[in-house]
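Just need the whole structure built from these sequences, with the hints factored in.
Number of protein chains: 2
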Amino acid sequence: MISSVDNPTVKAIAKLRQKKYRDKEKKFVVEGEHIIEAAREAGCLEAIYTVLDATPFDNATRVSHHVMKKMTGAKHVAPMIGVCQLRFDDLVHDRVLLLEHIQDPGNMGTLLRSALAFGFKTVVLDRAVDLTNPKVIRATQGALFALSFVFMDAASFNDAYSDHTLIATLPKGDPIDTLKTVRGPLALMLGNEGSGLSESTLNRADYTVSIPTEGVESLNVGVAGSILMHYVRH
Amino acid sequence: MISSVDNPTVKAIAKLRQKKYRDKEKKFVVEGEHIIEAAREAGCLEAIYTVLDATPFDNATRVSHHVMKKMTGAKHVAPMIGVCQLRFDDLVHDRVLLLEHIQDPGNMGTLLRSALAFGFKTVVLDRAVDLTNPKVIRATQGALFALSFVFMDAASFNDAYSDHTLIATLPKGDPIDTLKTVRGPLALMLGNEGSGLSESTLNRADYTVSIPTEGVESLNVGVAGSILMHYVRH
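If you're matching them up, the sequences are chains L and G in order.
1 is the number of the first residue of the first sequence in my numbering; add one for each residue after it.
1 is the number of the first residue of the second sequence in my numbering; add one for each residue after it.
There could be a bad hint or two in this list.
To give an idea of the chain G side of the interface with chain L (calculated C-beta under 10 Å), a few residues [what the hints assert, rightly or not]: (1) ALA139; (2) GLY215; (3) HIS230.
Simulated coverage check for chain G against chain L, where a stretch passes if three residues somewhere in it have a Cβ under 8 Å from a Cβ of chain L [to be verified]: (4) 112-121; (5) 200-214.
Just so you know, these hints were derived from the structure itself, not from any lab.
Ideal Cβ placement from N, Cα and C applies to all residues, glycine included.
What follows is the structure, given as structure tokens:
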């Protein structure tokens with residue numbers, strides 16, 4: 001049992017609340033049995049700390065309430081936390097979700113959860129919100145551990161993986177029915193919440209489609225992306 | 001120009017930051033030109049206050065920065081705010097979204113935005129998160145002013161509007177293709193983020209469907225609801 005907040009491990013984990021240390025150490029902390037289990041299954045879990053006498057995990061280290069609060073910085077005492085690493089295996093699957101400058105952690109988390117649900121197992125990120133942001137992690141519900149992440153922009157992706165059909169989404173595009181004939185590898189591209197996809201990315205697109213709506217200027221990007229991933233999943 | 005934070009109007013608007021006063025006064029404050037315009041178009045706008053010399057609205061009252069901060073309680077100075085009322089016209093349209101115990105403001109806002117987008121113009125609410133919560137309002141992007149709200153549970157709705165086909169969504173249900181033959185008025189029912197629809201509501205359903213997924217336990221409720229509204233919109 002660790003009961004000293006001056007323990008070097010405790011101090012190191014507490015530092016992971018700051019993005020600069022998460023970036024440096026390539027580690028981050030998750031809360032909740034469901035997400036810890038998802039990290040463990042994916043081989044992304046490094047350690048577990050708990051204030052409980054028993055957990056479903058056999059390698060959990062017992063810590064005091066005081067130490068748990070120090071590690072998480074939260075007023076409440078988390079029953080258990082996991083220290084994780086993301087896999088950056090650069091695997092490019094046949095179904096790719098390409099996100100350009102998605103800024104909202106909730107949208108990012110929702111999109112990652114839907115990406116896994118609909119078989120888009122590679123996510124290409126260009127100027128994305130930090131994936132280890134706690135709000136992103138919570139919204140993914142553990143999905144982020146089962147995905148492959150690649151950091152590049154649409155043009156570089158198109159140059160490197162030219163066999164992937166590029167589908168752009170925007171408020172005024174062709175009907176989504178035009179995607180019915182699309183076969184083979186593809187990348188669905190979604191743009192920033194405010195400004196959408198950049199001009200240079202739109203110029204690369206093989207298809208530019210939109211979801212028909214009424215009464216609103218646009219759909220939430222997480223919703224639009226999920227409807228399209230569901231639509232083209234087969 | 002109002003420059004005194006002791007002005008009775010300023011004090012009354014500042015109080016609307018608390019839910020109990022919003023409930024009592026049936027008023028709430030929105031920020032942002034886009035949402036203020038949506039409220040105005042829907043006839044829900046009562047007043048506008050601004051720190052700007054000119055706004056797109058001709059009836060805005062000029063206030064000092066100090067007064068604006070007092071009214072919104074925010075550290076930043078909002079350029080303008082609108083004081084609004086929701087319409088509770090109890091109109092039940094042919095396309096109804098019935099939400100049971102949706103708790104997350106972001107999910108609620110996303111669902112309302114999608115409901116308007118896909119022509120579900122009546123939203124029936126049973127134990128919902130407060131609609132005038134600022135996070136809900138922001139996520140709706142103004143859609144909440146164009147919708148009709150009815151407060152009742154699924155059983156009461158079913159008794160009162162028995163011509164509406166009830167469609168329940170749950171993680172393990174029939175394929176959504178079974179909805180292809182559904183015609184006429186319908187209500188799409190979505191349940192709480194953690195526990196889903198209640199047993200008594202499921203027993204009322206004419207259809208219980210799910211969206212096929214892999215690798216995740218469920219979809220985000222805002223995503224699942226939006227995919228289904230999009231699917232059955234015609």
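Against the structure, the hints come out as follows:
no., hint, result
1, ALA139, "holds, 7 Å"
2, GLY215, "holds, 5 Å"
3, HIS230, "holds, 5 Å"
4, 112-121, "holds (count 6)"
5, 200-214, "holds (count 3)"
When the structure is compared with the earlier hints, no violation turns up for any of them.
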